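2 protein chains.
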Amino acid sequence: MEQNKIPQATAKRLPLYYRFLNNLQIQGKTRVSSKELSEAVKVDSATIRRDFSYFGALGKKGYGYNVEYLLGFFRKTLDQDELTDVALIGVGNLGTAFLNYNFTKNNNTKIVCAFDADPNKSGTEIGGVPIYHIDELEERLGNVKVAILTIPAMEADRITERLVSKGVKGILNFTPARISVPDDVRVHHIDLAIELQALVYFLKHYPLEMKEEIL
Amino acid sequence: MEQNKIPQATAKRLPLYYRFLNNLQIQGKTRVSSKELSEAVKVDSATIRRDFSYFGALGKKGYGYNVEYLLGFFRKTLDQDELTDVALIGVGNLGTAFLNYNFTKNNNTKIVCAFDADPNKSGTEIGGVPIYHIDELEERLGNVKVAILTIPAMEADRITERLVSKGVKGILNFTPARISVPDDVRVHHIDLAIELQALVYFLKHYPLEMKEEIL
DNA sequence: GTGAATATGTGAAAAATATCACGACTTATC
DNA sequence: GATAAGTCGTGATATTTTTCACATATTCAC
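Line by line, the protein sequences give chains A and B. For the first sequence, the numbering used here assigns the number 8 to the initial residue and increments by one for each residue that follows. For the second sequence, the numbering used here assigns the number 8 to the initial residue and increments by one for each residue that follows.
Since the hints were made in silico from the structure, they are not lab data. Some hints could be false.
Copies of one chain are not kept apart here, so a pair can be met inside one copy or by any two copies together.
As the list claims (entries may be wrong) - In silico BS3-like pairs for lysine-lysine, Cα to Cα no more than 25 Å straight-line:
hint, residue 1, residue 2
1, K19, K49
2, K42, K117
3, K19, K128
4, K83, K42
5, K173, K68
6, K19, K211
7, K128, K36
8, K68, K49
9, K67, K12
10, K176, K12
11, K112, K42
12, K112, K211
13, K211, K152
14, K49, K67
15, K112, K68
16, K112, K173
17, K173, K211
18, K49, K176
19, K12, K112
20, K67, K128
21, K117, K67
22, K211, K36
23, K152, K49
24, K176, K211
25, K117, K211
26, K211, K12
Note that the structure is a prediction, hence the values are computed from the model and not measured.
With these hints in hand, go ahead and build the complete structure from the sequences.
This is the structure we're talking about:
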């Protein structure tokens, strides 16, 4: 809430910066320049400096940035200290990939429950996350505010409605369906087929430019 | 190559438009307005009209767009008639999700081969796609120009190098690693952990605005 | 200390993207 | 056919994002 004057483009890069700073610290590096960081994350160094500058003067001229200080700052900014609970809907291959991925390690998010329509999956667990039948969604969801949707497109609307009426405010939607939600619910779409098609389109129509990094 | 004057933001939306037009045709609709389309794909109607206008006057004032005509136009524009072969590297949960997803149905892309380091997977196939051992990459890859990377981050650099030296020009990178490639190779990063973190960040810091659709 | 090298932070400019708003044309209705 | 309603295509404008380029400050080597 503090300053939401931070451009969205910047906000989207913060987790990326955070992870690389984390890597640097693990490697024992104590300082880093915007140029080095730029090479690592493939973002223009001026953009990085600009991004950081929205939070104040975090670096030192002629020196660069102190890794530990910067990391500490971002930890607070990105709320790395409080864990956000997440629910996963749809335990197919994609859903399973999420469950096996240990988000908590580098992230402030944790998948606390998963749901699937297949009764054979109910009662089991993957990656330590219990899987419930989708019919139990309302009773098992608790106070979770964020959900990952990895179900068939056909069911997206119905499940979304149920999630929203249980108070979910953020949805990471992997289905091709463009779901409708109230204004106070945020949806990020990640459409794998479209990403692939867009890549192919760029390859054919935007020949060898000096740029990468479109996404 | 024709006109690469089409803005990249527009180009990224084309596959989305294409898919929804396809749905409309299947539903038997013959005409559609930018307003209707807008509601379906959650993109401002003026933006849609602007996007379309880069390709000329595709619609009719007072009428809207003819679904069949528009679809035919995009089919050509998006090269839906020629199939692009794709290789998949890394047959874990995420990779398997891709193999089971039938891209060819609505898309102009086809995964023709997959590779994994696990010898138990070599020789098998998933979704009709043969899986080879990663050691056979060079001999089995053939003339494939696009690859999907669903492997552990640690191996990203080495595999990328091998792909690039075999002539791959486009990589859809799902690893958290930011890979380095020559200027004529295009990489799109999709970083699942970062997407989730960004969503959480937006939820906490950008309270209930009237906008959705950040991604 | 001193000079060279390094790197930030930012005003200003550029580029990219999104939106407004309206003239022009089409369709539908009576 | 005349009127009303609907919708595109686009000039103009607004907004967002990126990049340039440099004054200013710090570090390093000797």
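Results of checking the hints against the structure:
1. When the C-alpha separation of K19 and K49 is checked against a cutoff of 25 Å, the pair qualifies both within a copy, at 14 Å, and between copies, at 20 Å.
2. For a Cα distance limit of 25 Å, the shortest separation of K42 from K117 qualifies neither inside one copy, at 33 Å, nor across copies, at 39 Å.
3. In this homomeric assembly, K19 and K128 never come within 25 Å of each other (Cα to Cα): the closest approach is 34 Å inside a single copy and 37 Å across copies.
4. Within a single copy, K83 and K42 get their C-alpha atoms as close as 24 Å, which meets the 25 Å cut-off; across copies the closest is 42 Å, which misses it.
5. In this assembly of identical chains, K173 and K68 lie within 25 Å of each other by CA distance neither inside one copy nor across copies; the values are 50 Å within and 43 Å between.
6. Taking the closest pair of Cα atoms, K19 and K211 come within 25 Å of each other only across two copies (13 Å); inside a single copy the shortest separation is 28 Å, beyond that limit.
7. In this assembly of identical chains, K128 and K36 lie within 25 Å of each other by CA distance neither inside one copy nor across copies; the values are 45 Å within and 39 Å between.
8. Taking the shortest alpha-carbon separations for K68 and K49, only the intra-copy value of 22 Å comes in at or below 25 Å, while the best inter-copy value is 44 Å.
9. In the homo-oligomer, the alpha carbons of K67 and K12 lie at most 25 Å apart inside one protomer (23 Å), although the nearest pairing across protomers, at 41 Å, exceeds that limit.
10. Proximity of K176 to K12 under the C-alpha cut-off of 25 Å is restricted to the intra-copy arrangement: shortest distance 21 Å within a copy versus 38 Å between copies.
11. With identical chains, the CA atoms of K112 and K42 are never at most 25 Å apart, being 27 Å at best within one copy and 44 Å at best between copies.
12. Proximity of K112 and K211 under a CA criterion of 25 Å is satisfied inter-copy only: 21 Å between copies versus 39 Å inside one chain copy.
13. Taking CA atoms no more than 25 Å apart as the test, K211 paired with K152 passes between copies only; the shortest distance there is 11 Å, against 41 Å inside one copy.
14. For a Cα distance limit of 25 Å, the shortest separation of K49 from K67 inside one copy, 22 Å, qualifies, whereas the shortest one across copies, 43 Å, does not.
15. For the identical chains of this complex, K112 and K68 are neighbours neither inside a copy (33 Å) nor across copies (55 Å), given an alpha-carbon limit of 25 Å.
16. In this assembly of identical chains, K112 and K173 lie within 25 Å of each other by CA distance neither inside one copy nor across copies; the values are 28 Å within and 35 Å between.
17. With identical chains, the CA atoms of K173 and K211 are at most 25 Å apart between copies only, with a shortest distance of 18 Å across copies and 45 Å within one.
18. Taking identical chains as interchangeable, the C-alpha atoms of K49 and K176 lie at most 25 Å apart only when they sit on different chains, with a minimum of 18 Å there against 31 Å within one chain.
19. Proximity of K12 and K112 under a CA criterion of 25 Å is satisfied in neither setting, with 29 Å inside one chain copy and 43 Å between copies.
20. Taking identical chains as interchangeable, the C-alpha atoms of K67 and K128 are never at most 25 Å apart, the minima being 54 Å within one chain and 52 Å between chains.
21. When the C-alpha separation of K117 and K67 is checked against a cutoff of 25 Å, the pair qualifies neither within a copy, at 35 Å, nor between copies, at 50 Å.
22. Taking the shortest alpha-carbon separations for K211 and K36, neither the intra-copy value of 41 Å nor the inter-copy value of 31 Å comes in at or below 25 Å.
23. For the identical chains of this complex, K152 and K49 are inter-copy neighbours only, at 22 Å across copies versus 32 Å inside a copy, given an alpha-carbon limit of 25 Å.
24. Taking identical chains as interchangeable, the C-alpha atoms of K176 and K211 lie at most 25 Å apart only when they sit on different chains, with a minimum of 10 Å there against 39 Å within one chain.
25. Taking the closest pair of Cα atoms, K117 and K211 come within 25 Å of each other only across two copies (16 Å); inside a single copy the shortest separation is 39 Å, beyond that limit.
26. In this homomeric assembly, K211 and K12 come within 25 Å of each other (Cα to Cα) only across copies, at 14 Å, whereas the closest approach inside a single copy is 38 Å.
The earlier numbered hints that this structure contradicts are 2, 3, 5, 7, 11, 15, 16, 19, 20, 21 and 22.
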